[in-house]
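These are the residues of each chain, in order.
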Amino acid sequence: DTGVSQNPRHKITKRGQNVTFRCDPISEHNRLYWYRQTLGQGPEFLTYFQNEAQLEKSRLLSDRFSAERPKGSFSTLEIQRTEQGDSAMYLCASSLALGGLGSYNEQFFGPGTRLTVL
Amino acid sequence: GENVEQHPSTLSVQEGDSAVIKCTYSDSASNYFPWYKQELGKRPQLIIDIRSNVGEKKDQRIAVTLNKTAKHFSLHITETQPEDSAVYFCAANDYKLSFGAGTTVTVRA
Chain A
1 DTGVSQNPRH
11 KITKRGQNVT
21 FRCDPISEHN
31 RLYWYRQTLG
41 QGPEFLTYFQ
51 NEAQLEKSRL
61 LSDRFSAERP
71 KGSFSTLEIQ
81 RTEQGDSAMY
91 LCASSLALGG
101 LGSYNEQFFG
111 PGTRLTVL
Chain L
1 GENVEQHPST
11 LSVQEGDSAV
21 IKCTYSDSAS
31 NYFPWYKQEL
41 GKRPQLIIDI
51 RSNVGEKKDQ
61 RIAVTLNKTA
71 KHFSLHITET
81 QPEDSAVYFC
91 AANDYKLSFG
101 AGTTVTVRA
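First to last, the protein sequences are chains A and L.
Note that this note's numbering has the first sequence beginning at 1, numbered continuously upward.
Note that this note's numbering has the second sequence beginning at 1, numbered continuously upward.
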């Protein structure tokens with residue numbers, strides 16, 4: 001499968017625990033995005049990387065959230081001290097951006113990690 | 001930031017009829033407008049997109065129109081089929097996607 005992959009697909013955790021998700025983008029894609037989707041809503045932007053540099057973080061991304069893309073390939077999203085409000089589908093997307101910061105690009109989504117915080 | 005509104009939230013059509021979903025956006029800097037289809041429990045899949053220098057784009061039974069002056073764009077599905085039943089999201093982008101809330105389309109056989 002040459003598409004975007006995410007692991008795990010499902011995660012159930014207790015409130016206060018830390019969780020980490022992984023995203024493997026399409027191999028030649030230089031941009032990687034994280035989104036969060038709750039039931040009945042569209043995905044909401046969290047953060048994105050161009051290569052290994054994290055270029056923007058949404059105000060939705062509290063200081064309990066951290067994301068990395070250490071070698072410009074896969075990315076991890078960690079949530080510390082999880083809360084019930086963190087329960088959602090976490091989607092990763094990747095794209096190949098050929099232009100500058102303002103260039104548009106087709107984003108391809110992974111299957112998501114569904115997080116349930118009890 | 002960008003704010004995208006999408007209407008209607010639900011749409012039920014008879015098989016063979018057309019379906020139209022409309023979106024408005026707020027940021028005049030947005031220059032790329034994709035549409036995604038999401039089936040239950042699956043990832044959003046890009047079905048068509050349009051860039052700001054084009055007014056209309058068509059791909060078989062799907063077409064999208066863009067009015068940059070009025071800041072709105074629409075998705076048109078003709079000759080609907082049961083497999084078109086899904087949630088459809090519009091989005092506006094300069095370098096990140098801002099999504100509408102989605103339209104649940106049900107095609108009645």
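Treat the hints as calculated values from the structure; they're not laboratory data.
A couple of the hints might just be wrong.
Listed next, the in silico DSBU-like pairs over lysine-lysine satisfying Cα-Cα at most 35 angstroms (straight line) [said to hold, decoys possible]:
1) Lys57/A x Lys14/A
2) Lys37/L x Lys11/A
3) Lys22/L x Lys14/A
4) Lys71/L x Lys11/A
5) Lys68/L x Lys42/L
6) Lys42/L x Lys57/L
7) Lys37/L x Lys57/L
8) Lys71/L x Lys37/L
9) Lys22/L x Lys37/L
10) Lys57/A x Lys71/L
11) Lys57/A x Lys11/A
12) Lys71/L x Lys58/L
13) Lys58/L x Lys37/L
14) Lys68/L x Lys57/L
15) Lys11/A x Lys58/L
16) Lys57/A x Lys37/L
17) Lys42/L x Lys22/L
18) Lys71/A x Lys37/L
19) Lys71/L x Lys22/L
20) Lys14/A x Lys57/L
21) Lys37/L x Lys68/L
22) Lys57/L x Lys22/L
23) Lys58/L x Lys42/L
24) Lys14/A x Lys71/L
25) Lys71/A x Lys11/A
26) Lys71/L x Lys42/L
27) Lys14/A x Lys68/L
28) Lys57/A x Lys57/L
29) Lys71/A x Lys22/L
30) Lys57/L x Lys71/L
From the derived model, a few chain L residues whose C-beta atoms are all more than 12 angstroms from chain A [claimed, not checked]:
31) Thr24
32) Gly41
33) Arg43
34) Arg61
35) Ile62
36) His76
37) Lys96
38) Thr104
39) Thr106
40) Ala109
Where is the CB? At the ideal position from N, CA and C, for every residue including glycine.
How the hints compare with the structure:
{"no.": "1", "hint": "Lys57/A x Lys14/A", "result": "holds, 26 angstroms"}
{"no.": "2", "hint": "Lys37/L x Lys11/A", "result": "holds, 24 angstroms"}
{"no.": "3", "hint": "Lys22/L x Lys14/A", "result": "violated, 40 angstroms"}
{"no.": "4", "hint": "Lys71/L x Lys11/A", "result": "violated, 39 angstroms"}
{"no.": "5", "hint": "Lys68/L x Lys42/L", "result": "holds, 31 angstroms"}
{"no.": "6", "hint": "Lys42/L x Lys57/L", "result": "holds, 26 angstroms"}
{"no.": "7", "hint": "Lys37/L x Lys57/L", "result": "holds, 17 angstroms"}
{"no.": "8", "hint": "Lys71/L x Lys37/L", "result": "holds, 22 angstroms"}
{"no.": "9", "hint": "Lys22/L x Lys37/L", "result": "holds, 14 angstroms"}
{"no.": "10", "hint": "Lys57/A x Lys71/L", "result": "holds, 26 angstroms"}
{"no.": "11", "hint": "Lys57/A x Lys11/A", "result": "holds, 23 angstroms"}
{"no.": "12", "hint": "Lys71/L x Lys58/L", "result": "holds, 19 angstroms"}
{"no.": "13", "hint": "Lys58/L x Lys37/L", "result": "holds, 16 angstroms"}
{"no.": "14", "hint": "Lys68/L x Lys57/L", "result": "holds, 14 angstroms"}
{"no.": "15", "hint": "Lys11/A x Lys58/L", "result": "violated, 40 angstroms"}
{"no.": "16", "hint": "Lys57/A x Lys37/L", "result": "holds, 26 angstroms"}
{"no.": "17", "hint": "Lys42/L x Lys22/L", "result": "holds, 23 angstroms"}
{"no.": "18", "hint": "Lys71/A x Lys37/L", "result": "holds, 31 angstroms"}
{"no.": "19", "hint": "Lys71/L x Lys22/L", "result": "holds, 11 angstroms"}
{"no.": "20", "hint": "Lys14/A x Lys57/L", "result": "violated, 47 angstroms"}
{"no.": "21", "hint": "Lys37/L x Lys68/L", "result": "holds, 23 angstroms"}
{"no.": "22", "hint": "Lys57/L x Lys22/L", "result": "holds, 15 angstroms"}
{"no.": "23", "hint": "Lys58/L x Lys42/L", "result": "holds, 25 angstroms"}
{"no.": "24", "hint": "Lys14/A x Lys71/L", "result": "violated, 44 angstroms"}
{"no.": "25", "hint": "Lys71/A x Lys11/A", "result": "holds, 25 angstroms"}
{"no.": "26", "hint": "Lys71/L x Lys42/L", "result": "holds, 30 angstroms"}
{"no.": "27", "hint": "Lys14/A x Lys68/L", "result": "violated, 47 angstroms"}
{"no.": "28", "hint": "Lys57/A x Lys57/L", "result": "holds, 32 angstroms"}
{"no.": "29", "hint": "Lys71/A x Lys22/L", "result": "violated, 40 angstroms"}
{"no.": "30", "hint": "Lys57/L x Lys71/L", "result": "holds, 16 angstroms"}
{"no.": "31", "hint": "Thr24", "result": "holds, 14 angstroms"}
{"no.": "32", "hint": "Gly41", "result": "violated, 9 angstroms"}
{"no.": "33", "hint": "Arg43", "result": "violated, 4 angstroms"}
{"no.": "34", "hint": "Arg61", "result": "holds, 20 angstroms"}
{"no.": "35", "hint": "Ile62", "result": "holds, 16 angstroms"}
{"no.": "36", "hint": "His76", "result": "holds, 20 angstroms"}
{"no.": "37", "hint": "Lys96", "result": "violated, 5 angstroms"}
{"no.": "38", "hint": "Thr104", "result": "violated, 9 angstroms"}
{"no.": "39", "hint": "Thr106", "result": "holds, 15 angstroms"}
{"no.": "40", "hint": "Ala109", "result": "holds, 25 angstroms"}
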